[in-house]
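Hey, can you work out the whole structure from these sequences and the hints?
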Amino acid sequence: MNLQATTSQTVGPYFSIGLTRRNKVDLASPGVSGERITIVGRVLDGDGNAVPDALIEIWQANSHGKYAHPEDDQKKPLEPGFDGYGRIPTDENGRFSFTTVKPGAVPGPNGKDQAPHIAVSVFARGLLRRLVTRIYFPDEPANTGDFVLNLVEPGRRGTLIPRKVLGQSETFEWNVILQGFEETVFFDCGM
Amino acid sequence: MAKIADYRRPISGTQPNHLHPPYVSSIKRAPLKPLVQMPHTLTEITGPSFEREVVDSNACDLTRQHSGEPLGERIIVSGRVMDEDGRPVPHTLVEIWQANAAGRYLHKVDQHNAPLDPNFTGAGHTLTDAQGGYRFVTIRPGEYPWQNHYNAWRPAHIHFSLFGPAFATRLVTQMYFPGDPLLPYDPVYNCTADEKARRKLISLFDLESTIPEQALGYRFDIILSGREATPVEG
Numbered sequence: 075m076n077l078q079a080t081t082s083q084t085v086g087p088y089f090s091i092g093l094t095r096r097n098k099v100d101l102a103s104p105g106v107s108g109e110r111i112t113i114v115g116r117v118l119d120g121d122g123n124a125v126p127d128a129l130i131e132i133w134q135a136n137s138h139g140k141y142a143h144p145e146d147d148q149k150k151p152l153e154p155g156f157d158g159y160g161r162i163p164t165d166e167n168g169r170f171s172f173t174t175v176k177p178g179a180v181p182g183p184n185g186k187d188q189a190p191h192i193a194v195s196v197f198a199r200g201l202l203r204r205l206v207t208r209i210y211f212p213d214e215p216a217n218t219g220d221f222v223l224n225l226v227e228p229g230r231r232g233t234l235i236p237r238k239v240l241g242q243s244e245t246f247e248w249n250v251i252l253q254g255f256e257e258t259v260f261f262d263c264g265m
Numbered sequence: 074m075a076k077i078a079d080y081r082r083p084i085s086g087t088q089p090n091h092l093h094p095p096y097v098s099s100i101k102r103a104p105l106k107p108l109v110q111m112p113h114t115l116t117e118i119t120g121p122s123f124e125r126e127v128v129d130s131n132a133c134d135l136t137r138q139h140s141g142e143p144l145g146e147r148i149i150v151s152g153r154v155m156d157e158d159g160r161p162v163p164h165t166l167v168e169i170w171q172a173n174a175a176g177r178y179l180h181k182v183d184q185h186n187a188p189l190d191p192n193f194t195g196a197g198h199t200l201t202d203a204q205g206g207y208r209f210v211t212i213r214p215g216e217y218p219w220q221n222h223y224n225a226w227r228p229a230h231i232h233f234s235l236f237g238p239a240f241a242t243r244l245v246t247q248m249y250f251p252g253d254p255l256l257p258y259d260p261v262y263n264c265t266a267d268e269k270a271r272r273k274l275i276s277l278f279d280l281e282s283t284i285p286e287q288a289l290g291y292r293f294d295i296i297l298s299g300r301e302a303t304p305v306e307g
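Chains as they are written, first to last, in the working numbering: chain L, 75 to 265; chain P, 74 to 307.
16 Å max Cα-Cα, derived EDC-like pairs, lysine to aspartate or glutamate:
1. L:LYS176 / L:ASP100
2. P:LYS106 / L:ASP262
3. P:LYS106 / L:GLU257
4. P:LYS76 / L:GLU145
The set of hints was computed from the structure by calculation and includes no laboratory data.
Right, dumping it as structure tokens:
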């Protein structure tokens, strides 16, 4: 059978009615091993205005670099209580914040491990399809050899790497700029 | 680790471009730089699982979430979630949200001058069964005006959110109703170049799932990305 994936449509302005129920902004429940990190930021449009009706979803490996998914057959431990999924809405100022553990390295397509990263989907009114991007980490030596990061022109890689917030250890600032000069790098991930 | 089989990329024209100027909200929110092509890695072929989630039995019946019955025409919306090879996608989370029968959302941003219904929230969720089947009982949502252009009205629709087996298969879409006269004027519905792809967003009236004396049935099958053939390790 040869079917075609259903056409994507925008989440529109009212998605919170259906999707808030499953919001999850803290993935690092007590007992989950790994370095706690908080990522804060804003979603901004092409005029630099806040996007108050955006939704960010994240997907990541645990601190050992293992995904809670049957297709990850690495011999690394799973973490009970850590499923790697988060759903984070923006507030009226376009701000979002989530806490998780820093993911470990996972295998990459070139036989080398990928640098630690978090996969991100962005949904909003005005977006007919989700946007796919990634969060990497500053001061991470593995970034240099990361397969996916190296697909991005050097001048734009910084949009995928949050800044450490001064005075707040383990807090990182990362903004999603939907459009414009400092536009965040978005990937073609298929759907 | 074995080489990874990507999920299939959409056929040209079957998915919207990010920038679709008739949909005015896309103009300042769509990225304008080209997307960076990437292969799927272990990150993209894995994804969250909701299989163990306990689903409240009222969650898939939007007419039974309050003390009274909502106003409007009761309907059954059911279908199958499959991949592009027609294989069922079992135990995946399906979330829906919609306006009430008067075309009003229970949301502070919705200022449409139509009544709220104290017996209708407009949110539901369920997990597909082993054959990829799902079923909701709800009421037919009303059409409503919006500010996109002069005299703009959204056709009646229900929002659907699905995950499938991987990060790469995530889909949010909208289901429409057959014969809706507003469809030709709606920039969201008309966002794809491929008309056949668009038409698949329209549910089919379904006598089989219609319950006599009770509710009309509409069928809406949802297709998630299929898998490329697994590469043979050489």
